[in-house]
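J.: Protein sequences appear in the order of chains W and H.
Residue numbers for the first sequence follow the working numbering, so the first one is 1 and each next one is one higher.
Residue numbers for the second sequence follow the working numbering, so the first one is 1001 and each next one is one higher.
In case anyone wonders, no lab produced these hints; they're calculated from the structure.
Treat the hints loosely; a few may be bogus.
[What the hints assert, rightly or not] When the alpha-carbon atoms are kept at most 27 Å apart in a straight line, the in silico BS3-like pairs for lysine-lysine are as follows:
1) Lys-1136(H) <-> Lys-136(W)
2) Lys-1033(H) <-> Lys-252(W)
3) Lys-1107(H) <-> Lys-1140(H)
4) Lys-231(W) <-> Lys-136(W)
[As the list claims (entries may be wrong)] Just so you have them, the derived chain W footprint on chain H, three or more residues with Cβ under 8 Å:
5) 1035-1048
6) 1080-1089
7) 1094-1102
8) 1132-1139
Glycine included, every Cβ here is placed at the ideal spot set by N, Cα and C.
Read off the chains here:
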Amino acid sequence: MNIAVCVKRAAEASEAEFEVTEPGELRARGLVYDLNEWDDYALEEALRIREAHGGRVVAFTVGGPEDEEALRKCLAKGADEAVRVDAPPSLRDPYAVAKLLYAAMKKEHFDLVLTGAQAGDDGYALIPPMLAYLLKIPFATLVKRVELREGKVIAHRELEGGVEEVVELSLPALLSIQTGINEPRYVSIMGLRRASKKPLKVVSLQELSGLLEPLGGPQGWIEVVGYELPKLERRAQFLDGPADRAAASIIKILRERGLVA
Amino acid sequence: MSGELLAVAERLRGEVKEQSLEASGLASRLGLKASCAILTGPSEEGWPELVKFYDEVVHVKHYLLAQPCPVVYSEALAKVVELRDPKLVVMPHSSMGMELAPYLAVKLGAPVVTDVVDVEVRGSELRASRYLYGGKVLAKVST
C-alpha cells in the first residue's frame, strides 16, 4: 500500500496580532508556523495504514526551503520519503498547488492519497477535490474513519448535524482527513534532529513542465487583493418610529437578504 | 453587471438550506438574474419554496442524482452551465459544496473561491470576501 500525504507548513494565528498597513498590506505579529493540524492527522492515518498493510508513505509539499520544516516533521514521525516542489510565493494559490502536487506524484503509483481537510490559516479546503480531479481518481472529503477492504476503501464522512455518511471507493482514491480521526504521534526533539539528516527530494518547476503545460502552466486562479480587520463590535440596527413603519423596514431588510420572497 | 447567477440549491433533512435562498438576494444586489438548479432522483418533486425566490428553477432529474456524489453532480451541473452560461455559480459551503465546488471548477476551467461571506462588483470583475486565520482577517479575493 503506497500512500502519498500532502502537507503544508501553516501559520497558527491564535496568539497573533494583525495590522493592515496604508498600502493595504497585511502585517502579522506572533504567527507560529508548524505542520498544518489537519495534515498531521492525515499523516498519522497514513502511518497506521502502512503499519497494518505494509508499503511506504511519501510526504509532499509545495513551497520554498522554509516549508521543508513540515516535511522534516513527517520524516521524524515515520514517513519513508519527502518531496518538496520548489515554488515561489506567487504559486501558492490552491489551484496552482493542486497542479504542482499532481505533477509531482503523477510519475509514481499511489494506492491512496491523503490530505488534511483544510489548512488552518487560509481554510480554502479546495485542494483535495481539485487534486482528485487532476489525478482522475475517486475521492471523499471530511473523513473521520477509514477501512480498507479488498481493493476498496470505506470512508466515513462527517456531515452537518452529526450525520455520518459512509462511502465506498475503489483504489486508488483520495481522502481528505478530518481532525479527531486518530491521535497523532508525538515526535521528540531528538527525532526531529535525526530527521534533519534524512534525504529530502526537491523537484523544480522545470522538471514538471511536461505535465503542467497541458494544464495551462503552473499558474493559479485567484489573488488576494486586499485585507481588512473585522470590527469586533456586534452590529445592531434600531428601527424607530411607529410599528407599521418598523414592520415595513423589517420586510425590506428580509427581502434584500433573500430571506423572504 | 448583467447576466445570470446560478445557485445550486441543497436540502438538509427535507428543508432547503438558508444559503440556497440567500443567494437570490445576492443576485439582485449584483444586478444578475437569479436562477437556481436542483438535482434529484427521478421520482422527486420540485422544491416549491425556491420558486418564490428565483426567476427560474432548473430541475435536473436522473436516477444517478438520487444521492449526492460530486463526480456525477458535476457532470450534470457542467451541462446546465454550458446551456445557461451564468456569470456566477454559487452553492452552500457545506459538506456537499466543499466537495462539489472545487471539482466542478476544475472541470469547467473556472476560478473558485470558498467560504465566501460577501461578493462585490468592481468594474467588470467580482471580488469575494472571506476570512483567514480563524476569522481574524477579512481578505478580498479577486479571480
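J.: Could you tell me which of the numbered hints above are not met by this structure, giving the numbers in increasing order?
T.: 1, 4, 5 and 6
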